[in-house]
Amino acid sequence: MSGAGLTVGRVPETNHEITLDSALTEEAVLSTYRRMFAALARDSGAVVDDPALVDIAETLFAAFAEAGEEWLTHEQMRHVCRAYPLDRFENRLRVLRGLGAIREVFPKPNQLRYRASFTSVVGLMFIRRMMDDGGQSEMHRLLALEDLNVADPATTMEEARTSAQNLSRAFRLWALELITLTGGTIEELREQAPKLWGTEEITRRAQSLHGTILNRWPDLDRTCTELRAAIYSYSDASRRAAGRLADSAGTTRNLTLLPAETWRTFAQTSGRERLASVLDGFVFDAPAPWHDPAAIVRAVDESPRPAPAQPNPPRSALPDPGPADTYDPGTGGLDHLTAVAEAALAGGSSARLEQLLTADGEWVSARRLLADLVAADLRPDSPYRLRWSDGLTADPAAEPAWLSHGSLERTGGAD
Amino acid sequence: MPTDPPPTAATEATGTADASDASDAFAMSDGSAAFGTAASVPERPDVAHVRARAGGPIRLGAGLPAPPGMARLGRGDGTGLALPVWPDGATPSLLEEYQVAPVAVERSGETRRVLAAALRCCWTDLASDPWPGVPAATDDVLSAYRALIGRDDDLMRNWAIGALRRLHDSAWLEVSGGHVRLGPRCASWPASSHAQLRELMRRLPSGAGERNGLAILPVTGDDDGDDGDGGGGGDGGGLGEPGGPEDAGSDPRGSGAEEGEAAASVTVPENMDEDLLGPFDERRRAEIVAAFMAVEHAAEPVHEARFPALREPAPRHTLARMLERRGRVLIHERETWTSGYADTVAGEAVPIPGEAERAVLVLVLVHSVAIPRADGLLPADSWLSPFPAQADELRRHTRLPIGELEAALRVLRHAGLVTQVKAGEEAGGYVPGPQFHRLTPQARRRLQEELILAAGPHTPLAAAVRAGRR
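Same order as they appear, the protein sequences are chains X and V.
For the first sequence, position 239 matches number 239 in my numbering, and the numbering has no gaps at all.
Take any residue in the second sequence, note its place counting from 1, add 1000, and you have its number in my numbering.
I should point out that these hints are in silico values taken from the structure, not numbers from a laboratory.
Since this is a predicted model, take the numbers as computed values, not measurements.
Treat each hint with caution, since some may be false.
[What the hints assert, rightly or not] Think about it this way: if two alpha-carbon atoms lie no more than 25 angstroms apart in a straight line, the pair counts; the simulated SDA-like pairs of lysine to any residue are:
1. V/LYS1422 to X/PRO304
2. V/LYS1422 to V/MET1156
3. V/LYS1422 to V/VAL1105
4. V/LYS1422 to V/LEU1384
5. V/LYS1422 to X/ARG205
6. V/LYS1422 to V/GLN1390
[Unchecked claim] Each pair of labels, with its calculated beta carbon distance range:
7. V/HIS1332 to X/ASN215: 55 to 61 angstroms
8. X/GLY184 to V/GLU1312: 41 to 47 angstroms
9. V/GLN1099 to X/ILE186: 39 to 45 angstroms
10. X/GLU58 to V/HIS1458: 42 to 48 angstroms
11. X/GLY184 to V/ARG1395: 40 to 46 angstroms
12. V/GLU1333 to X/GLU261: 27 to 33 angstroms
13. V/ALA1467 to X/SER208: 21 to 27 angstroms
14. X/ASP247 to V/SER1265: 51 to 57 angstroms
15. V/ARG1395 to X/GLU261: 53 to 59 angstroms
16. X/MET125 to V/ARG1395: 35 to 41 angstroms
17. V/SER1192 to X/ILE186: 55 to 61 angstroms
18. X/ALA371 to V/ASP1153: 43 to 49 angstroms
The beta-carbon is built from N, C-alpha and C at its ideal position, and this holds for glycine as well.
Turn these sequences into a full structure, and let the hints steer you where they fit.
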């Protein structure tokens, strides 16, 4: 029953990953199995050592329920359990048959069809439920049933005595386990205690049961005293376990101790007052962000400005004749530039720029001429080029006052 | 009023958040009730400081002096406001020098631009200090803001209104009855920084010129009533500005207001920590003040490596004394420090925020801390959590009305009590905000106990909690 045995004995077909966590979970499951059947086991190795073995039984029972009066043959049973290895299946079937959980339909030799026992199925259901909450809800059910029983006029005093004795024994053992846990490590306590400790509800039910028995059969006061003591010791143990947890809890760890469902129910069903009351007496800061003057200036400067709305271009008040009828892209103003350049060259092949620009003595016309000549210079398809030299005339009285020297030339490639 | 889906992937620029924010324009919620709740000034200075931190500036009756360590902002009619001042003239801007993030400002750029626009309208006499300024019509502020950002659509208006509300909630502005006044926190700008603001005011457009030219938005004088009262009235509360009735004496529209403002004054107290800080030399003193500002105003706990005054016991002791005078204690976790309300004084403060906000905060705690804890997903023993409470879960599976829920979430977000986590278009939710760093260990434990008492009152654990308290 070691951890090694567990992993080695794993069913390869099931595609669970074998991790430390899953091994721990399995060990917890197995320990519950062992504890539940300790009373019935012949020797300490008699309980399954792999939770998968229980799954085989459950798979079989499900198949039997489905098969109905057709029963199941050996081959059919093997088929539904095909996920498990053959030797495991055979082993399980042998045990189940040996204990009578699966029996031949008719007790005669060479019987091929099998049926399942109702008792075993119910037992398995019970086991699964015990796994979930450690028996707390079973205790609820048990108490409810016992409550009904003792109220039944047909119940005898002896039956009531037995029932009271059973209950006090259960409560005592429960209390003892809790007390042991309370003295143990805090981790174990945190993990186990919520499964074991009784809520106020259980205590209340037990006390009401005790009251019913005592009222009806005053002679049982001795048994009832025992029951009462057991209930008290149980609720005391519950409180002590909870108290130890509450003391050691840190600041959020105990939230673990209520199941997630309880939290959800609380969140979903509570009204505003109930929710808000949790924070009664807590103080929080009022919103007080700091707006530094520099940050305000920065925010203004970084203001995302949308593209400014584009104003319509100004339109003439006169009627618009619409687009011109023709458009000749061929010249593109080249003839104008040619005319200007030719006029500047005045028939020669080159002309001094400083003379051309100062000819009119005013900047406005010189500027226009310069613009045209530069445009002609920049157009690859025009034959006129400007050649600048290093000369510079500076004359504050003249216009333009600063004048770079150079020449306009007609290049050979033209014409 | 249609309730917009919560802001999902909203960035600073897309405005879904504030579109919904502004949908209930100026329904100043209980969060703002925080502001000025302390009707009477508490006797003990530490309690007064706790109230001012938890509830905003304290209202002072006629002739009453401000508690020690607080500036008295006289309104000219005898009454006034008390606002805590920081030691040695420091401001939270100091945190920048230490590269420590201050408390985050929601939509900071927009908020500050709206504040600039309000300043532009309220601070008319640039020769004097900004506070108290003069009241300005909300529409004028909106126009100034429009002129500032060059946009005039509805979205911009919603954003601006959301920012106005946040500024109102944090006492930077007082918005009431269609008028805006500068809030008491504007008086906390140090005089040396006024020049910077003056310079800004001179170059900001006023927006007054364009008001008539813009017909797109019905932001005119006639519409005033609809804006303030109609919008607020739709939410049943009008302008839930708690100071409203108390302000009756200085109604901004009353003619008396101007005279009253003229005599307004700011009385800065003596340095209440001089006896503690005096023995230290300049450098030590500056370190202590820096540490003080850091633990009090940084968003998250600060690392002691950056603050010698936190590292060394002697200055730390002085720091603790300074905090103690304000009802605060140092909260230490490994190598980081922050401050929180002293357990002895916390009970004296008015419980804030309002009931709806507290209820929503509890829901967020249950979904983002308690449930992940119960499922074993949350290893650290902290009230902060990486698991958001899904907005959808809060909306659909609780008994709180959606409108109330959204309004409460907004207030909580603004106060740093919840942080919004965005994930994709629809997902995302809320986790407990940075304020949960500031809970003392006792308060954290008590919070756990209160949650257990509320959610599982009949469990043995609850019984143990009750027994432990007796």
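Tested hints:
1. For the suggested pair V/LYS1422 and X/PRO304, the alpha carbons sit about 23 angstroms apart, so the restraint of at most 25 angstroms is met.
2. Pair hint V/LYS1422 plus V/MET1156 holds up; C-alpha atoms about 23 angstroms apart against a cutoff of 25 angstroms.
3. Simply put, V/LYS1422 and V/VAL1105 have alpha-carbon atoms about 17 angstroms apart, close enough for the 25 angstroms limit, and the pair holds.
4. The suggested pairing of V/LYS1422 with V/LEU1384 holds, with an alpha-carbon distance near 16 angstroms, which does not exceed 25 angstroms.
5. A distance of roughly 48 angstroms separates the Cα atoms of V/LYS1422 and X/ARG205; the hinted pair therefore is violated under the 25 angstroms criterion.
6. Under the criterion of a C-alpha separation no larger than 25 angstroms, the hint pairing V/LYS1422 with V/GLN1390 is consistent with the structure, at around 10 angstroms.
7. A hinted range of 55 to 61 angstroms holds for the C-beta pair V/HIS1332 and X/ASN215, which are about 60 angstroms apart.
8. Between X/GLY184 and V/GLU1312 the beta carbon distance is about 43 angstroms. The supplied range of 41 to 47 angstroms therefore holds.
9. Hint check: V/GLN1099 to X/ILE186, Cβ distance near 41 angstroms, so the stated range 39 to 45 angstroms holds.
10. Take X/GLU58 and V/HIS1458: their Cβ atoms lie about 34 angstroms apart, and the range 42 to 48 angstroms is violated.
11. One distance hint, 40 to 46 angstroms for the beta-carbon pair X/GLY184 and V/ARG1395, holds here, with the actual separation near 44 angstroms.
12. Checked against the given bound of 27 to 33 angstroms, the beta carbons of V/GLU1333 and X/GLU261, roughly 32 angstroms apart, stay inside it.
13. As the Cβ distance of V/ALA1467 to X/SER208 is approximately 23 angstroms, the hint placing it in 21 to 27 angstroms holds.
14. At about 55 angstroms, the beta-carbon gap between X/ASP247 and V/SER1265 stays in the expected band of 51 to 57 angstroms.
15. As the Cβ distance of V/ARG1395 to X/GLU261 is approximately 21 angstroms, the hint placing it in 53 to 59 angstroms is violated.
16. Restraint check, X/MET125 to V/ARG1395: a C-beta distance of roughly 39 angstroms satisfies the suggested window 35 to 41 angstroms.
17. The beta-carbon spacing between V/SER1192 and X/ILE186, approximately 57 angstroms, falls within the hinted interval of 55 to 61 angstroms.
18. With their beta carbons about 45 angstroms apart, X/ALA371 and V/ASP1153 fall inside the hinted range of 43 to 49 angstroms.
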